[in-house]
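All chains should be built: construct the whole structure from the sequences, respecting the hints.
Chains A and B supply the protein sequences, listed in that same order.
Counting in our numbering, the first sequence runs from 1 upward without gaps.
Counting in our numbering, the second sequence runs from 161 upward without gaps.
Fair warning: there could be bad hints in the mix.
As the list claims (entries may be wrong) - Beta-carbon label-pair distances, calculated as ranges:
(1) A:H32 <-> B:P365: 37 to 45 Å
(2) B:P231 <-> A:T100: 45 to 53 Å
(3) A:R82 <-> B:R215: 43 to 51 Å
(4) A:Q156 <-> B:Q450: 21 to 29 Å
(5) A:T100 <-> B:A457: 45 to 53 Å
(6) B:L375 <-> A:R36: 40 to 48 Å
(7) A:G52 <-> B:A319: 47 to 55 Å
(8) A:R36 <-> B:E420: 49 to 57 Å
(9) A:G52 <-> B:A423: 52 to 60 Å
The set of hints was computed from the structure by calculation and includes no laboratory data.
Note that CB positions come from ideal geometry on N, CA and C, so glycine has one too.
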Amino acid sequence: MNTTRQGPRLPRLLSLPLRLAPGRLNSALAAHLLERVFAEQRSDGELDFMQGRTACIRLLDAGIELGLTVRVDGFAAHRMDRPVDLTIEGTAYDFLLLITGREDPDTLFFQRRLCMSGDTALGVHLKNFLASVDLDSLPLAGVVRPGLERGLDLYQRMLG
Amino acid sequence: MELVCPAGNLPSLKAAVENGADAVYMGLRDDTNARHFPGLNFDEKRARQGIEYARAHGAHVFMAINTFPQPAGWKRWQRAVDSAAHLGVDALILADIGVMDYAARRWPELPLHLSVQASCTNYESLRFYHELFGIRRAVVPRVLSLAQVQHIVEHSQVAIEVFGFGSLCVMVEGRCLLSSYAAGKSPNTYGACSPAEAVTWEETPAGLESRLGGLLTDRYGPGEDAGYPTICKGRYRVGESTYYAIEEPTSLNTLDLLPELIASGVAAVKIEGRQRSPAYVGQVARIWRQAIDACRARPQGFRVREDWSRELAKVSEGAQTTLGAYHRPWQ
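Structure follows, in structure tokens:
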């Protein structure tokens, strides 16, 4: 059976500014943003499972690779020339669907739109952690979420 | 007929209730329930918030304590029953006779439902559970045909809940040992068919390989849909061919049978998927709410809408659905 549906992919031109930024800068920015967004969850111990573990998030069409870890003092960038425990890959569009809660990660995984390799238990825990977070209660929710939703709508209109 | 939806976390519970669930079922964060995955389920704080939310919106909450305790873990199952009672859930979903006996004696006012894990397929057996433990509802296994379900409903004093939608397995419920062979843990006592730590996914030149306990369960070609890495849904070489020798990855979808299920007096329909996200729970609950309401309003003219089937197929395992054992026209 072959029913895989791929979502729209980012045109190379649009992803150029992101590609030009060095990988470590993207990772550092992502770590900083995650630290602000998940501060409460981290202090509640809900992110202890990520302590000292490393993950690589790869937005294939945007050419972005984020290396992330959680240390005692918070999220930090992880150098991608070192081994990682978990790798998750997908297009920018599918990641947008995922973080705005519009699509179910298992659905995207069944359809091969989201790929995961490495430590499965870590991946499952991360998936369940993200699903358990009440998106509207997060700091910056009022700024980040409408921004992401608008981005997704624009994406669907332009490329869908 | 009540719509009972899964909740693996608080946002899923809210999604279920917002989209029309009459009741939600949840589990605690340990091996006392059959969806034991890292980071899933409710601690006491979240359970309390969930119950409060459901109650404020007129929905019921059931607690699944539906695995079978081993001697060393007995206290954990007792604690789970006591926590659920203190939290004030509307019913417990139980499978083990010892746990049922404890709950019935310690909390006589707390309604008990018989889990599908008890694998109870006839009304005499239900009568036994009713007389001994006072169970008020039973979730019947997915191996029964519609005629057999109707037969049980007609003859049982216990309300009957059936599965309406969700992933299917080999359905040797409460007794399946397939994954113990590969992972060293049983879904019946540990609460997961594919314990996450025993699963690996690896891209190889031959395709995407899934392994359980090191044993190859499937290899997916480029673009081929993947499924859950369970033994029962793997592809194996039998003789000269390699195929789904036990079962194909697929989801049950009984929307077509809704008028018959309602007319036969089934008390509740259950949606599978506590391991899925709030997005899945919201989508499935919304469609089933609309379908049940439409069917109640005009049972004769009820037709399954094309967009319902499309949406449900999309979130299904293997992107396909079946009527499963319900449909056996020769019976």
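We went through each hint and held it up to the structure:
| no. | hint | in the structure |
| --- | --- | --- |
| 1 | A:H32 <-> B:P365: 37 to 45 Å | 39 Å, holds |
| 2 | B:P231 <-> A:T100: 45 to 53 Å | 47 Å, holds |
| 3 | A:R82 <-> B:R215: 43 to 51 Å | 49 Å, holds |
| 4 | A:Q156 <-> B:Q450: 21 to 29 Å | 24 Å, holds |
| 5 | A:T100 <-> B:A457: 45 to 53 Å | 33 Å, violated |
| 6 | B:L375 <-> A:R36: 40 to 48 Å | 43 Å, holds |
| 7 | A:G52 <-> B:A319: 47 to 55 Å | 50 Å, holds |
| 8 | A:R36 <-> B:E420: 49 to 57 Å | 53 Å, holds |
| 9 | A:G52 <-> B:A423: 52 to 60 Å | 58 Å, holds |
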